[in-house]
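K.L.:
Those protein sequence lines, which keep their order, are chains A and B.
So in my numbering, spot 77 of the first sequence is number 64, and the numbers just go up one at a time.
Adding 205 to a residue's 1-based position in the second sequence gives its number in my numbering.
There is no bait here: all hints are sound.
DSBU-like, lysine-lysine: derived pairs with alpha carbons at most 30 Å apart:
hint: 1; chain 1: B; residue 1: K257; chain 2: A; residue 2: K74
hint: 2; chain 1: B; residue 1: K289; chain 2: A; residue 2: K127
hint: 3; chain 1: A; residue 1: K127; chain 2: B; residue 2: K330
hint: 4; chain 1: B; residue 1: K333; chain 2: A; residue 2: K127
hint: 5; chain 1: B; residue 1: K525; chain 2: B; residue 2: K368
hint: 6; chain 1: A; residue 1: K127; chain 2: B; residue 2: K366
hint: 7; chain 1: A; residue 1: K74; chain 2: B; residue 2: K333
hint: 8; chain 1: B; residue 1: K460; chain 2: A; residue 2: K74
Partial selection, computed: residues in chain A whose CB lies under 10 Å from chain B:
hint: 9; residue: D24
hint: 10; residue: V27
hint: 11; residue: G28
hint: 12; residue: P30
hint: 13; residue: K74
hint: 14; residue: Y79
hint: 15; residue: N114
hint: 16; residue: S121
hint: 17; residue: G123
hint: 18; residue: S124
hint: 19; residue: D132
hint: 20; residue: P169
No lab work stands behind these hints, which were simulated from the structure alone.
All C-beta atoms, glycine included, are put in the ideal place defined by N, C-alpha and C.
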Amino acid sequence: MKYLYLILLTIILTTSGYAGDKSSYRKAIIGINYLADIDVGDPLRFEPGFNLEGGWRLLGRESSNGKSSSSTTETDIYLKPGFSYFKRTNYYTGLVISSGLCLRTTFKRGVFFEINATPGYMHKIYNADVYDYSNGSFSKSRASDPNLFLGGDINMGIDFSKKKETSGIGLIGGAGFFWRFPNNSNWVRHQYLKLGLTFTVRTKR
Amino acid sequence: MKKICSLLLIATICMVMITACSKKEDIPAGTIDEFYFIKNEGAVLPVRVAGKESSGNYIIVTHGGPGNTAQTMRNSIGLHDLEKNFIVVYWDQRASGISQGNTPTDEISIEQFSRDLDAVVEFVKQVKGATNVYLLGHSWGGGLSTYYLANPENGVAHQAKLKGFIMDAGGYNVVGGMQLSMQYVMDYANQSISNNKDKNYWKGYQDYVSQNPKITKDNFLDHAEYVKKAKGVFFGSYELYSSSLPDYEFDAFLKNFNYVNANMKIGGQSIFDVMDLTPLLGNITLPTLVIWGNKDGLLPVGLADPFYNGIATTNANKTKKIYADCAHEPQTEEPVLFQTDVTKFILDHQ
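Can you make the complete structure from the sequences, with help from the hints?
P.N.:
In structure tokens form, the structure reads like this:
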């Protein structure tokens, strides 16, 4: 329940800044993120993963209290296609193609908050030799599973290009969940930490 | 601002270091540690093959639950140390542990799992080239192995593929075993109440039993918690190895366990309602070692004699070992005894 409150709070905070003028910029974002997939069993484990994503801005607003980008709050909604990779040794490698929605609010000094909702497709490849048993004998094969992928995360970071009103790099970090389905008719939950670089492409209209 | 940047960078470096650490353990010369998946009738079963490469003796470990995993059993010192002399094969049953695929509930049956066990036996013989293969069935895995060996349809043919069977506190009679288990916990509860130890908790158990007089698929996990509290799973202290495990998903482990446990059937009915393989024991003629913990509260030691006496194996080829201060996990609680007894049994019947 507390997660729901956190998500609702983020939505309220970000959408409250959404009123304003149409953005004076064209913007897109590109991100590369390191993911630590946390397994809460005993012992606690962190499995590696990474994520590449682009963000195509669908809607953008600037607060009207400033004259230049360096003194406005920007709230944008992006369509975010992405690719993610998760590795679990001797289990499976997950390759994810996703297309999510992102709501990001960037404040005057470049600090931003964002919330992502990410549906996608996970292709699960088994990480060991697979022997297919049929009619009493074995043949070596490759095997994989299709899975649905549903995820979402909440992040904060800093966009160094905001004050300079140019394209540029930023840092991002956050946490999120994803679920894969099916695993014996169940959704399997993962939780992860995310840290990465975000690049904002910013051009004057 | 600088502080935020520094913190983010430090956090990134720490995260990369944590996840990049190699978890591979040292594998001594002359030993193997290999992973495979066996695809059988829609399920993908993980198999870990570890031990002394030059040994011709393979021990197939069939885990309990139903719905548990064999992968973590490798941390048990008694099992792990068998790898010094033999090759131990740890496999996860369908829909259990890190098995993959999407098994529907109608495939959660002892009949299907027995066919999967046969695929593992065939894998060890055909792919690994083993000639001496032994089954080791723990808890529910002992019940599954018993069915594999004793079922009238193909039990005899299955026994012909094997050199021996190690029955490790096995659940061949779930109905009778659960009755004994309730009695074990009730005795413990009465004793605790009379000794004024956790009085309220154990009075709560008495109330629970009056409302749940029979263990079913719906209340088995509740019951197992009471058994644990009554020292019926682990009686004393124990140590475990921290050997490397596959990078499992804990959430999948839990969900698989609940899924298989609630749905396991024999002849279309829940194992908790009808499973008693005692009438079939006479079909077993394979050399057999029976190991049981005297303080076992989950499948109490009262099950050991009927099994030992029920199988048709000659007296010269069967042995029974009861460990005094041990509950449901002999391989963990009495690792030295366990390893010694299993080693002797295998060397005597290779």
